[in-house]
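Asks: Work out the full structure, taking the sequences as your base and the hints as a guide.
Okay, here's what each chain looks like letter by letter:
There are 2 protein chains.
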Amino acid sequence: MSDAGKGNVVIGQSGGPTAVINQSLVGAVEVLKDSDDVGRIMGARHGVAGIVAENFVDLNDVDAAVLEAVANTPAAALGSSRDKPDEAYCRKIFEVFKKNDVKYFFYIGGNDSADAARIVNEMASASDYELRTFHIPKTIDNDLRVTDHCPGYGSAAKFVASAFMGDDRDSAALPGIKINVVMGRDAGWLTAASVLGNTDPVDGPHLVYVPEVEFSTEQFLADVREIYGRLGRCQIAVSEGIKDKTGTSVTVALAETLGHRVERDSHGNPQLSGTGALGDFLSDYLKANMKVPHESLRVRADTFGYLQRSFAGYASQIDRIEARQCGRKAAEYAMSGDLDGSVAMKRVESADYQIEYVRAELSDVARVTKPLPRDFINESGNGITEGFISYAAPLVGELPVLGKL
Amino acid sequence: MSDAGKGNVVIGQSGGPTAVINQSLVGAVEVLKDSDDVGRIMGARHGVAGIVAENFVDLNDVDAAVLEAVANTPAAALGSSRDKPDEAYCRKIFEVFKKNDVKYFFYIGGNDSADAARIVNEMASASDYELRTFHIPKTIDNDLRVTDHCPGYGSAAKFVASAFMGDDRDSAALPGIKINVVMGRDAGWLTAASVLGNTDPVDGPHLVYVPEVEFSTEQFLADVREIYGRLGRCQIAVSEGIKDKTGTSVTVALAETLGHRVERDSHGNPQLSGTGALGDFLSDYLKANMKVPHESLRVRADTFGYLQRSFAGYASQIDRIEARQCGRKAAEYAMSGDLDGSVAMKRVESADYQIEYVRAELSDVARVTKPLPRDFINESGNGITEGFISYAAPLVGELPVLGKL
Numbered sequence: 002m003s004d005a006g007k008g009n010v011v012i013g014q015s016g017g018p019t020a021v022i023n024q025s026l027v028g029a030v031e032v033l034k035d036s037d038d039v040g041r042i043m044g045a046r047h048g049v050a051g052i053v054a055e056n057f058v059d060l061n062d063v064d065a066a067v068l069e070a071v072a073n074t075p076a077a078a079l080g081s082s083r084d085k086p087d088e089a090y091c092r093k094i095f096e097v098f099k100k101n102d103v104k105y106f107f108y109i110g111g112n113d114s115a116d117a118a119r120i121v122n123e124m125a126s127a128s129d130y131e132l133r134t135f136h137i138p139k140t141i142d143n144d145l146r147v148t149d150h151c152p153g154y155g156s157a158a159k160f161v162a163s164a165f166m167g168d169d170r171d172s173a174a175l176p177g178i179k180i181n182v183v184m185g186r187d188a189g190w191l192t193a194a195s196v197l198g199n200t201d202p203v204d205g206p207h208l209v210y211v212p213e214v215e216f217s218t219e220q221f222l223a224d225v226r227e228i229y230g231r232l233g234r235c236q237i238a239v240s241e242g243i244k245d246k247t248g249t250s251v252t253v254a255l256a257e258t259l260g261h262r263v264e265r266d267s268h269g270n271p272q273l274s275g276t277g278a279l280g281d282f283l284s285d286y287l288k289a290n291m292k293v294p295h296e297s298l299r300v301r302a303d304t305f306g307y308l309q310r311s312f313a314g315y316a317s318q319i320d321r322i323e324a325r326q327c328g329r330k331a332a333e334y335a336m337s338g339d340l341d342g343s344v345a346m347k348r349v350e351s352a353d354y355q356i357e358y359v360r361a362e363l364s365d366v367a368r369v370t371k372p373l374p375r376d377f378i379n380e381s382g383n384g385i386t387e388g389f390i391s392y393a394a395p396l397v398g399e400l401p402v403l404g405k406l
Numbered sequence: 002m003s004d005a006g007k008g009n010v011v012i013g014q015s016g017g018p019t020a021v022i023n024q025s026l027v028g029a030v031e032v033l034k035d036s037d038d039v040g041r042i043m044g045a046r047h048g049v050a051g052i053v054a055e056n057f058v059d060l061n062d063v064d065a066a067v068l069e070a071v072a073n074t075p076a077a078a079l080g081s082s083r084d085k086p087d088e089a090y091c092r093k094i095f096e097v098f099k100k101n102d103v104k105y106f107f108y109i110g111g112n113d114s115a116d117a118a119r120i121v122n123e124m125a126s127a128s129d130y131e132l133r134t135f136h137i138p139k140t141i142d143n144d145l146r147v148t149d150h151c152p153g154y155g156s157a158a159k160f161v162a163s164a165f166m167g168d169d170r171d172s173a174a175l176p177g178i179k180i181n182v183v184m185g186r187d188a189g190w191l192t193a194a195s196v197l198g199n200t201d202p203v204d205g206p207h208l209v210y211v212p213e214v215e216f217s218t219e220q221f222l223a224d225v226r227e228i229y230g231r232l233g234r235c236q237i238a239v240s241e242g243i244k245d246k247t248g249t250s251v252t253v254a255l256a257e258t259l260g261h262r263v264e265r266d267s268h269g270n271p272q273l274s275g276t277g278a279l280g281d282f283l284s285d286y287l288k289a290n291m292k293v294p295h296e297s298l299r300v301r302a303d304t305f306g307y308l309q310r311s312f313a314g315y316a317s318q319i320d321r322i323e324a325r326q327c328g329r330k331a332a333e334y335a336m337s338g339d340l341d342g343s344v345a346m347k348r349v350e351s352a353d354y355q356i357e358y359v360r361a362e363l364s365d366v367a368r369v370t371k372p373l374p375r376d377f378i379n380e381s382g383n384g385i386t387e388g389f390i391s392y393a394a395p396l397v398g399e400l401p402v403l404g405k406l
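As given, the protein sequences belong to chains V and W, one line each in that order.
In the numbering used here, each number is its position in the first sequence, counted from 1, plus 1.
In the numbering used here, each number is its position in the second sequence, counted from 1, plus 1.
Heads up, a few of these hints could be off.
Pairs count within a copy or across copies, as identical chains cannot be separated in the list.
[As the list claims (entries may be wrong)] Straight-line alpha carbon distances no greater than 27 Å define the calculated DSS-like cross-link-like pairs of lysine-lysine that follow: (1) K405 - K85; (2) K288 - K85; (3) K85 - K99; (4) K292 - K85; (5) K85 - K100.
To be clear, the hints were calculated from the coordinates, so they are not data collected in a lab.
Replies: Written out as structure tokens, the structure is:
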């Protein structure tokens, strides 16, 4: 595409929101407002759905103080969407862009959003329509390729780490077995964050199960027995997306066993969050099989649910800053020349944690996701290594300092 | 009892921990360490269970920095207990006190703990044994009598309010019906706190159900239909302890319908936390009965679980201060003369929120609990009034400031 010249902007948010997704929105809007090349800045309500419905909110004149409050607000301020646009849907988006003289398209989301942006961009390209398209990464799952990590992950990881820290003290005070189910359909990044506050080998989580490792209920039982026998208690982190040896989600297999309908989103992904079924199942399984008198065995399960991505007032400071910067960078790239792509973070080799921002190709971010590397998981497949801790600790920032008697 | 003179101290923690229960422990220990009348300060591991087992930790020489870290740590640092001591159990406690020359007994807990303290104290009194007994209140349920509110409640309320704020933005971004199950077996204080961050009439929670109001699934359905029809979404707060018209817990009735064994603690209370069953049940009920096409109805349920009492790093500042002060006051009362009792907070009539600490009788705090007053619940029984907000807002302190587009 040739130079896009002055034109209008559409910016939207997509997929499961994060605690800092609005930082990216505000970062982009700040830069765009200052550009002479930009006309109207149109925020799409509910992502692609808002684009095809031409449901836009004018972002040119939003007061700076309101923008700042929005930046600090969890969840997509423009509204989000689970729609996965096909070719025809993308064609409609492109038609709306032409009609509204849209020359810049920013889409904040995960890998599916990068893919939608890629398709629309290719349509524009094929029609010689001047469009600059930038994907701005966000996901608590941390499963995007190319980028070192994803904006949104650090805040969710901070929530999970803090939750495990307090819950570990709680379950040390009233000992038993405590299962905590953490978000993560295919990747164990967020569940791995459960260990980040651990400062003592006897502290929980004592066992961590991620979707990257085949889950066996028999091995689970043996693992729990070993820890419980040794410490008199056991705190466990489980990804909602753990899969059995056939690759089937344990939650889905369980639901089907119980004759429940499994809800799927438009991406074909089964609905795993917003239900306590997996935790209750694992809890019942242990109660039935631990061979400890029922009365003396305390088993509890919590499913952390949507709080992991939406809890207000507890985002990671570094995550806030980086998410804002990813939004700014996308706008700067789009203003700087004939460029499309996604924003990625690259960790600079240095003593201290340091990031540089680079442009990635949309096609390199779209579709395929990035699992937790095997060397971040221990050999037994039920714990997390120091390698992961070195990687993730800077993204979370300061954690509470706890004491013991 | 006459003047107790120099003697040893036993201090213990009991029941469900809170985010600030260790503030009370540290407050008491600070005062006791400075007293010439006090010999050994013995922390009982796991409450009354640790007393009868003579499982004590020496608190005289704990470093001040460690104490401060412990104060800021959620959950009982000494360990907690669910034992409800009967007469024989209390006799054993009393024997251990005599054997160890214990002249001061501090028990941090709820109404059941106050009752255990009362029984032991009466045994001592009947035997002309010099014992000063103080109960130090704690409970996230806020259901103790006499005191204006309970240490631990403000922090749990802050967590719940912040969770609802972020979750409301999340469920506005991806609209549907969102049910959040909040702790509270008999009293709706904590569930009521779900409204504290609400700054706009269209924000959630749109419906609040507490155990004080008879729960009807039919009325629930009608309420949700009305809100969903009007706003296109609905965020709902439900106490885990909601009861049907027969006074039976909906969770218990549900479990029994499904043929599950209902676990009960030694107080005879059914186990309601640590399971997602109520949320899943209400969610399935709405999906089956809303008469909206399945595909277009998004219903999710989260059960906040133990995070409400144990989440690390997010306690209410005023709650921290008051919990510390309650511990200090108990020690000061016990040192000041022939006194037993519980510490209570009294709200001073003034423009600003202000508290004075007073002594209450153990018998006035023991056993009976305090429900949410009817005038804190709206007429329809599905919402919370301004009266509650005025009462509870100062206990929670600052909440995040969110923005909208």
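Asks: Against each hint, give a clear statement of whether it holds in the structure.
Replies: Now the hints, each set against the structure:
With identical chains, the CA atoms of K405 and K85 are at most 27 Å apart between copies only, with a shortest distance of 25 Å across copies and 49 Å within one. When the C-alpha separation of K288 and K85 is checked against a cutoff of 27 Å, the pair qualifies only between copies, where the shortest distance is 23 Å, while the shortest distance within a copy is 41 Å. Taking CA atoms no more than 27 Å apart as the test, K85 paired with K99 passes inside one copy only; the shortest distance there is 21 Å, against 72 Å between copies. In this assembly of identical chains, K292 and K85 lie within 27 Å of each other by CA distance solely across copies; the values are 26 Å between and 47 Å within a copy.
With identical chains, the CA atoms of K85 and K100 are at most 27 Å apart within one copy only, with a shortest distance of 22 Å there and 73 Å across copies.
Violated hints for the displayed structure: none, as all numbered hints are satisfied.
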